[in-house]
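These protein sequence lines map, in sequence, to chains A and B.
The numbering used here applies: residue 2 is where the first sequence begins, and numbers increase by one.
The numbering used here applies: residue 2 is where the second sequence begins, and numbers increase by one.
Misleading hints may appear alongside valid ones.
All copies of an identical chain are treated as equivalent in the list; a pair is satisfied when it fits inside any one copy or across any two copies.
Subject to a maximum C-alpha distance of 27 angstroms in a straight line, what follows is the list of computed DSS-like cross-link-like pairs (lysine-lysine) [what the hints assert, rightly or not]:
#	residue 1	residue 2
1	Lys239	Lys250
2	Lys322	Lys42
3	Lys250	Lys369
4	Lys322	Lys102
Quick caveat, the hints were computed from the structure, so don't treat them as lab data.
There are 2 protein chains.
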Amino acid sequence: MVLAFSVTQTDGAARSGRLETAHGAIDTPAFMPVGTAATVKGMLPSSVRDTGAQILLGNTYHLMLRPGADRIEALGGLHNFMQWHGPILTDSGGYQVMSLKDLRKLDENGVRFRSHIDGSYHTLSPESSIRIQHQLDADITMAFDECTPFPVTSEVAADSMRLSMRWAGRSKEAFVPRDGYGLFGIVQGGVFDDLRRDSAAALVDIGFDGYAVGGLAVGEGQVEMLRVLDSTVPELPKGRPRYLMGVGKPHDLVEAVRRGIDMFDCVLPTRSGRTSQAFTRRGAINLRNARHSADPRPLDEACGCPACDGFSRAYLQHLVKAGEMLGAMLLTWHNLHYYQELMVGLRAAISAGSLEAFVADFTETQAKGDIPPI
Amino acid sequence: MVLAFSVTQTDGAARSGRLETAHGAIDTPAFMPVGTAATVKGMLPSSVRDTGAQILLGNTYHLMLRPGADRIEALGGLHNFMQWHGPILTDSGGYQVMSLKDLRKLDENGVRFRSHIDGSYHTLSPESSIRIQHQLDADITMAFDECTPFPVTSEVAADSMRLSMRWAGRSKEAFVPRDGYGLFGIVQGGVFDDLRRDSAAALVDIGFDGYAVGGLAVGEGQVEMLRVLDSTVPELPKGRPRYLMGVGKPHDLVEAVRRGIDMFDCVLPTRSGRTSQAFTRRGAINLRNARHSADPRPLDEACGCPACDGFSRAYLQHLVKAGEMLGAMLLTWHNLHYYQELMVGLRAAISAGSLEAFVADFTETQAKGDIPPI
Chain A
2 MVLAFSVTQT DGAARSGRLE TAHGAIDTPA FMPVGTAATV KGMLPSSVRD TGAQILLGNT
62 YHLMLRPGAD RIEALGGLHN FMQWHGPILT DSGGYQVMSL KDLRKLDENG VRFRSHIDGS
122 YHTLSPESSI RIQHQLDADI TMAFDECTPF PVTSEVAADS MRLSMRWAGR SKEAFVPRDG
182 YGLFGIVQGG VFDDLRRDSA AALVDIGFDG YAVGGLAVGE GQVEMLRVLD STVPELPKGR
242 PRYLMGVGKP HDLVEAVRRG IDMFDCVLPT RSGRTSQAFT RRGAINLRNA RHSADPRPLD
302 EACGCPACDG FSRAYLQHLV KAGEMLGAML LTWHNLHYYQ ELMVGLRAAI SAGSLEAFVA
362 DFTETQAKGD IPPI
Chain B
2 MVLAFSVTQT DGAARSGRLE TAHGAIDTPA FMPVGTAATV KGMLPSSVRD TGAQILLGNT
62 YHLMLRPGAD RIEALGGLHN FMQWHGPILT DSGGYQVMSL KDLRKLDENG VRFRSHIDGS
122 YHTLSPESSI RIQHQLDADI TMAFDECTPF PVTSEVAADS MRLSMRWAGR SKEAFVPRDG
182 YGLFGIVQGG VFDDLRRDSA AALVDIGFDG YAVGGLAVGE GQVEMLRVLD STVPELPKGR
242 PRYLMGVGKP HDLVEAVRRG IDMFDCVLPT RSGRTSQAFT RRGAINLRNA RHSADPRPLD
302 EACGCPACDG FSRAYLQHLV KAGEMLGAML LTWHNLHYYQ ELMVGLRAAI SAGSLEAFVA
362 DFTETQAKGD IPPI
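From just these sequences and the hints, can you work out the full model?
Structure follows, in structure tokens:
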């Protein structure tokens, strides 16, 4: 394998591990902040690193349109372009392209679509997606797939999954192996257990450096999502990293880690930071709520992030009400810090063999809700 | 005097000095970044400090409307509210209120106006402005004045100036002296030398801790502005700080320092940072210009700010074109850093008795224009 991965501890189905890439190592379970357009919105890369993040996700769709893969390649790749010197995983562009709906046309070869920026025509196929991800110099490249919509019939989900499996084979063919670089396949099949198992088997047959579970968190709800994980994860090779794409809320992460997931990405902590929502040990807080307007206390007195170092809830509310950038900056930082602290806690609990106690404490503390207003 | 100020060196009319306030000392000539709504837009307070800034300006008008002076006072004053632990100067609200035009009514007592946020009615007078600035805990309080419009006849300018002088007397009456806190009067009189001299004499007669020159940079142009400084500054006490309000471009600062100005504030470096403009030793740069689109070089290779540490012009252009917050954050940081470096250079040149050589080098380097495209 060109991407070394070792499971260091297990606790039930959960595992802690270490993934070695060309740009450094990642401790798993890991949460990857999303850097859509070559920036984690509102954060300097050094600040992202300060939260504890070890790997970022970049978006092929956004970057191929602006500033373009050729431009980024000429400027030394995505790491140098955005000055993030750690590992980067890029998605394949498939997910974004599918969400264009009326602006795209899909066939066996790939997807032809119009840019949401200027209406220009582009094509993504397994071959072009992998080539672009190579130009970006992604440490981890994702196979090009179709993200199956929800809800659909099992027939539609099956056709979609089988297309993704053919594209997975072509992605593997197009991928150029190099030390420290890897290619992940993506399990599809909607909410249908048999399709998920067929998809996992097809991917294992092709052989990948890691296995992602895609097509979830699209409206099926947490119960269905966890059921799909229960049937899918056991079908994936124990010695390779498992990545649950686009997930999720803190509670989703905890439950997925319990089921053996090693990697996550989600826009939730960053997007929420721009919409006045903060995640804390005691649940989510809406800073626009009147209860915070005169509150001199920090978001979470036990948090060590810059937003909790001297700034009051009253001040944070003032910033978001006034539409000040600093509000989004501080809440984004806090949320990313919270997510990374959660992953630190999960890894430590797995290593100590005390994951269930950690989960019980997490659940109890979240259920308490926010501290009462003064 | 309750606000200690010492001139440490002079070079022609220029001086370097030190102003001691309740929240720390300021080396002059000093540039004050503008923190309108209790935040320097796009910057953490610790980052503002890292640029070398020693004092901020806060806006009475904005803060009295949102979140309100009572709220800030209850939360420990503006320093604690916004977590800026250095000196703060607040304007009187007069300038903003005058710019409301159709939403305000002025009489001898003060100004009644409607909030631009919610249309609610408020009144500012010398007494209420000073009281609010005390609630904010400003180290330097500005007298309440009318910013004379431009252009106006000498009769209108004279009436306006005399009103401001009566208000200056009432401001002095309302101000509560405390160690480390001071009140500045504001010279008005438009572009009329005799009115400026009368205004300066009236203020000296009342007696202030410092003297501001107001009503400039309102459209009269640099030549007129410098002419007004030439006639006004010699009328001001040598032993007290002189503050040119709302100015300006780098070249304006250099020329005003040559004429004996000690303090400045301006939104230009921060506002420009949000509109893709960067200030450098070789003049202003518009990052949206196509010449930068593939340029791997930093804004200024001699600059030590985070925006110039690894980030290319191509990347900065990408950020501003994509509307990413990080673009505004980095350019704001760079501009504030540039302004503070300029002040460091001016202070050092005055101390070394080499200001004219510094000015000649500054002018020559600015005139070169930006480095040629690759």
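Which earlier hints turn out false for this structure, listed by number in ascending order? none
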